[in-house]
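Peer 1: Sequence:
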Amino acid sequence: MKRASSPSSSTPPQSFKKRARVHTPPRNALSSWLKPGEPAPLLVSSPHLHAVSSTFTSFALSLSPPSNIRTAEALKKHVQNIVRGMDIVSLVGKELLESRDGAFQSDGGLAPGPRKRAREPDHRMWACRTLVLKEGRDGTQGEDDYQLLEAMDDDGERYGGDRVLKVLNEVGAVDVIVVCARWFGGDMLGHAAQALMEKVKLRDLRSALTTLDEAIGELRRDIAILSATDDNAPSATAEKAPAENDGADADGKAEETKETEKMRTPVPQKPDYAAISDPVRLERLIAAKEKTMASLDSKLAVLRAERE
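The sequence shown: position 86 = 88 (my numbering), numbered continuously.
FYI, nobody ran anything at the bench for these hints, they're computed from the structure.
It cannot be assumed that every hint is accurate.
Unchecked claim - Only pairs whose alpha carbons sit at most 20 angstroms apart, straight line, appear in this in silico EDC-like list of lysine to aspartate or glutamate:
1) 203 with 310
2) 272 with 206
3) 272 with 200
4) 201 with 280
5) 79 with 152
6) 118 with 89
7) 118 with 137
8) 203 with 215
9) 291 with 274
10) 78 with 157
11) 168 with 75
12) 78 with 152
13) 203 with 164
14) 96 with 75
15) 272 with 285
16) 78 with 206
17) 168 with 224
18) 78 with 224
19) 168 with 200
20) 272 with 292
Said to hold, decoys possible - Pairwise CB distance ranges (calculated):
21) 310 with 216: 23 to 33 angstroms
22) 159 with 114: 14 to 24 angstroms
23) 108 with 177: 35 to 45 angstroms
24) 113 with 283: 38 to 48 angstroms
25) 216 with 152: 33 to 43 angstroms
26) 108 with 200: 26 to 36 angstroms
27) 177 with 117: 33 to 43 angstroms
28) 73 with 272: 18 to 28 angstroms
29) 118 with 68: 35 to 45 angstroms
30) 118 with 69: 27 to 37 angstroms
31) 108 with 224: 11 to 21 angstroms
32) 160 with 224: 11 to 21 angstroms
All residues carry an ideal CB built from backbone N, CA and C; glycine is no exception.
Sequences are here, hints too, so could you generate the full structure?
Peer 2: As structure tokens, then:
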């Protein structure tokens with residue numbers, strides 16, 4: 003039965019959460035008993051993406067395979083068990099139901115039964131890359147003892163795992179599993195798939211720029227504070243004012259320092275990156291801001307060194 007579709011296939015995808023979120027997944031009882039001191043793997047989920055009548059959410063999971071895994075086939079079997087064991091509904095189900103969008107805009111997003119609970123995703127596409135020992139090696143001979151293995155699975159979504167693996171290769175990710183969960187709402191993406199990928203890229207580029215702006219703002223504030231403190235430091239040759247004016251002078255100096263800091267601290271501005279739809283331009287802005295960050299980092303390091 004076809005589930006309710008979105009009002010328009012041209013409607014831009016909307017994310018219910020703006021930023022990635024870190025989870026601490028519970029460890030299963032067997033793993034906890036066999037390796038009680040081993041920490042739970044780091045798990046991060048992406049913002050939810052609603053497109054047409056489908057919903058997508060990705061998860062990144064740290065990967066540390068057992069030492070007996072030496073082949074891609076063994077790695078795939080190991081990771082497949084991890085992916086199948088993920089309780090995705092417990093992690094993000096409540097948020098998806100509250101979003102009332104994509105596959106969850108109607109009761110089609112509910113699991114069967116009396117409890118109001120999100121249903122399991124229809125597809126769990128995944129890919130992974132990790133370093134493992136080569137056959138007959140024990141790691142004592144250095145880097146040559148290790149090999150890079152890759153594995154992926156489409157889970158019924160054509161080319162799904164292959165595309166995830168392509169991204170992992172492009173960014174050089176190692177020792178990580180990335181799972182893309184899809185809840186199908188009844189409408190095929192078709193030609194909308196390419197537009198969806200472009201919108202996701204634009205969203206991520208804009209998010210990166212916002213993060214860089216925040217970091218640059220922090221650096222500039224730190225530099226302004228240090229510079230203002232240095233400018234208002236008392237000179238070793240300055241004459242001491244009469245005792246009766248010490249209090250007034252101190253108050254004046256304090257006020258002057260505050261005003262100087264205000265003048266030197268730039269007023270934060272929020273550029274409208276949503277108005278930029280050219281990914282090349284956004285990428286150039288990111289490169290420029292990364293250079294600005296490096297320059298400010300160096301300047302701040304010099305100021306701190308001078309004060310020591």
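Peer 1: Of the hints given before, which are not true for this structure?
Peer 2: Hints 1, 3, 7, 14, 16, 17, 18, 28, 30, 31, 32 contradicted; others consistent.
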